[in-house]
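Please build the complete structure, drawing on both the sequences and the hints.
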Amino acid sequence: MNTAKIGIEGYKSVNDYVETKLKRFEQNGITYEMLFSLMFSEGDNIMYERSSGYRIHTTTYKEAKEQTLRRAKTLAKLLKDVPKGSFVGLSQDNSLFWIENFWGIILCGYNPLLINLRLSQEMVEQSLLDCNAKAVVSDKREYSVKTVMDSEITEAEELYVPEAFGAEILVMTSGTSRHVKLCAYTAEELFYQIKGSLDIIKNCKLIQSHFENRLKLLTFLPFYHAFGLVAVYIWFSFFSRTFVELKDMMPNTITGTVKRHKVTHIFAVPLFWETVYSKAMKTIQQRGEKTEAKFNKAMTLRDKLGDSALGDLFSKAAFKEVRENLFGESIRFLITGGSSISYESVRFFNSIGYHLADGYGMSEIGITSVELSSKRSILNDRFVGKPMQGMEYKIDENGELLVKGRAIAKYMIEDGVKKPLDHDAFFQTKDLAECVDGHYKILGRRDDLVIGYSGENLNPNLIEPQLAAKDIENICLVGAKDGEETVPTLIVGVNKFISKERFEALDQELKNKLSEMRLGSEIRRIIYTDDRLMIADEYKLNRIRLKNAAENNEFHILSPAAMTEDATDQLTVALKTAFATALSRSPEDIPESADFFLDLGGSSLEYFAMVSELSQKLSIAFPTQGDKTLSTVREFRDFIRKNM
Numbered sequence: 010m011n012t013a014k015i016g017i018e019g020y021k022s023v024n025d026y027v028e029t030k031l032k033r034f035e036q037n038g039i040t041y042e043m044l045f046s047l048m049f050s051e052g053d054n055i056m057y058e059r060s061s062g063y064r065i066h067t068t069t070y071k072e073a074k075e076q077t078l079r080r081a082k083t084l085a086k087l088l089k090d091v092p093k094g095s096f097v098g099l100s101q102d103n104s105l106f107w108i109e110n111f112w113g114i115i116l117c118g119y120n121p122l123l124i125n126l127r128l129s130q131e132m133v134e135q136s137l138l139d140c141n142a143k144a145v146v147s148d149k150r151e152y153s154v155k156t157v158m159d160s161e162i163t164e165a166e167e168l169y170v171p172e173a174f175g176a177e178i179l180v181m182t183s184g185t186s187r188h189v190k191l192c193a194y195t196a197e198e199l200f201y202q203i204k205g206s207l208d209i210i211k212n213c214k215l216i217q218s219h220f221e222n223r224l225k226l227l228t229f230l231p232f233y234h235a236f237g238l239v240a241v242y243i244w245f246s247f248f249s250r251t252f253v254e255l256k257d258m259m260p261n262t263i264t265g266t267v268k269r270h271k272v273t274h275i276f277a278v279p280l281f282w283e284t285v286y287s288k289a290m291k292t293i294q295q296r297g298e299k300t301e302a303k304f305n306k307a308m309t310l311r312d313k314l315g316d317s318a319l320g321d322l323f324s325k326a327a328f329k330e331v332r333e334n335l336f337g338e339s340i341r342f343l344i345t346g347g348s349s350i351s352y353e354s355v356r357f358f359n360s361i362g363y364h365l366a367d368g369y370g371m372s373e374i375g376i377t378s379v380e381l382s383s384k385r386s387i388l389n390d391r392f393v394g395k396p397m398q399g400m401e402y403k404i405d406e407n408g409e410l411l412v413k414g415r416a417i418a419k420y421m422i423e424d425g426v427k428k429p430l431d432h433d434a435f436f437q438t439k440d441l442a443e444c445v446d447g448h449y450k451i452l453g454r455r456d457d458l459v460i461g462y463s464g465e466n467l468n469p470n471l472i473e474p475q476l477a478a479k480d481i482e483n484i485c486l487v488g489a490k491d492g493e494e495t496v497p498t499l500i501v502g503v504n505k506f507i508s509k510e511r512f513e514a515l516d517q518e519l520k521n522k523l524s525e526m527r528l529g530s531e532i533r534r535i536i537y538t539d540d541r542l543m544i545a546d547e548y549k550l551n552r553i554r555l556k557n558a559a560e561n562n563e564f565h566i567l568s569p570a571a572m573t574e575d576a577t578d579q580l581t582v583a584l585k586t587a588f589a590t591a592l593s594r595s596p597e598d599i600p601e602s603a604d605f606f607l608d609l610g611g612s613s614l615e616y617f618a619m620v621s622e623l624s625q626k627l628s629i630a631f632p633t634q635g636d637k638t639l640s641t642v643r644e645f646r647d648f649i650r651k652n653m
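For the sequence shown, the working numbering begins at 10 and goes up steadily by one.
Among the clues, some could well be false.
[Stated by the list, open to error] Label-pair restraints from in silico Cβ distances: (1) D431 - Y462: 19 to 27 Å; (2) N222 - N305: 36 to 44 Å; (3) R594 - R533: 45 to 53 Å; (4) Q130 - N521: 42 to 50 Å; (5) N521 - L207: 31 to 39 Å; (6) N305 - K149: 44 to 52 Å; (7) H66 - I535: 46 to 54 Å; (8) S50 - N222: 13 to 21 Å; (9) S383 - L207: 38 to 46 Å; (10) H565 - R533: 18 to 26 Å; (11) V426 - S383: 25 to 33 Å.
Honestly, the hints are just simulated from the structure, not real lab data.
Even for Gly, the Cβ is constructed at its ideal location relative to N, Cα and C.
Here you go:
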């Protein structure tokens, strides 16, 4: 590989570059000061890319370092009354400013608390109290402590000269349990996180591969989350690679950004991959039965070819159009992590010519493994790989995964109490796991196990995927109180526009599956609801919240008896409202059979705006040309019922 072309001049190979840079870190002092120096040492490399209109703006590592030092000069003045060594929160979404403010806080002698923007204000305020934070740097929210807005942090004329660097970073857990833990990382733990990535680079050529001499990572995962901080920002900025800004989470924005910037790496949570897979399959289905049959035949043939080189060649040729409609040809490596992902989703990406691997980590231990095998059989079975260099895995007699290593957090703060973590002792992850030929697989959370009527432990992560069906949007098995008794309860989130006939068929289908799995006598309580099981910015099921909602009767319950014969009423109302909003009318003035253009006087601009909004809300692509164009509420309703 020509190392000069990929921005690591003076080194014989990528491995030589990585090992030399790590040695410099270790020999010159494992501190945040040295980490900052090394991260920005390849000044001419492009650090950040973002689109603005028709232009792509780039920022080099040298430019970013200078901007950081100028902003730090202003930040130091704004925080002059805050004692050095205090925790200062950083409340901001991914951006170049996040990176500059992150380092600005450290350069000014403070310790960043990375605020999880997915958590409620109440939970964040409690976290500020738990670590005695004295201030927050924010771009939107105001907090109870001193709040410095990002707009106030202008670039000073002079560069800041640090007197003392911050010593640790606090990362918040996701808040899916009752308590938010704060996990502290010094430069030493991050050094071992980076050192662990050396195994990945040495043993997996795909993860280090570039496209047109560039390696570009999409900034999908938030930097404030442990997965995003370590596997995205820390790993790739230490080796001076490029980050591509993602403006929003709209599907078209994501695919457009990947193609325009020629992104090579995407790391994301399972919800992202599941959504992309679902939309891709809907697009294929909407192209007709012949197209769908052809695709399914190709997928079956790909499965038969297995792990062979011929199979890889077949994927590249047979699914070229599918890739072009998704991310294009620049993609080199995809990683999922954070929760369980379906076999169907992983199989889809690895069959069409991409490489999707599963990884493992937690806020308390950082990132500890990624599946490095090139075999589809292993990737599709969702193994998370072997522990990285310096980390050790062990499965105890209860099937729980234990992790040990120097990359684990220095300490945790829980409910205001500081709890040191021993790097020489095993950390109890509470994740159930198995090991096959040295490869580890996560089977679910120990805390999620539900006790069946027979006293047997039921694992939701193994049961839920087998119950997936058309019109089920999410499904969650919990142990919830029904009166005084705690019973296995299946909470089923269904398509809100489901018909009575389909609902009755779905209910029978689900009960038949439970019977076939010999769970009919174990799971006797099913709650059907058209409420969303994942709310706000959740990226995985919050089982505690759902359990409490079931116990407190907070769900809008669906049952055949409560449904009208014509279950399109709710959908009809929603469509009339959409028509009315687009046309500045009242919903009562929109007859079901009235033509948007001929009867209601709508324009093409109003129509396409309405269709675009409906497409985003319902995840359906509507026909907008020729004889298939939908123009009445009734036509839209029939099309939606057929394609949802």
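Against the structure, the hints:
no.	hint	result
1	D431 - Y462: 19 to 27 Å	40 Å, violated
2	N222 - N305: 36 to 44 Å	38 Å, holds
3	R594 - R533: 45 to 53 Å	49 Å, holds
4	Q130 - N521: 42 to 50 Å	45 Å, holds
5	N521 - L207: 31 to 39 Å	51 Å, violated
6	N305 - K149: 44 to 52 Å	46 Å, holds
7	H66 - I535: 46 to 54 Å	52 Å, holds
8	S50 - N222: 13 to 21 Å	20 Å, holds
9	S383 - L207: 38 to 46 Å	19 Å, violated
10	H565 - R533: 18 to 26 Å	22 Å, holds
11	V426 - S383: 25 to 33 Å	45 Å, violated
Of the numbered hints listed earlier, those contradicted by the structure are 1, 5, 9 and 11.
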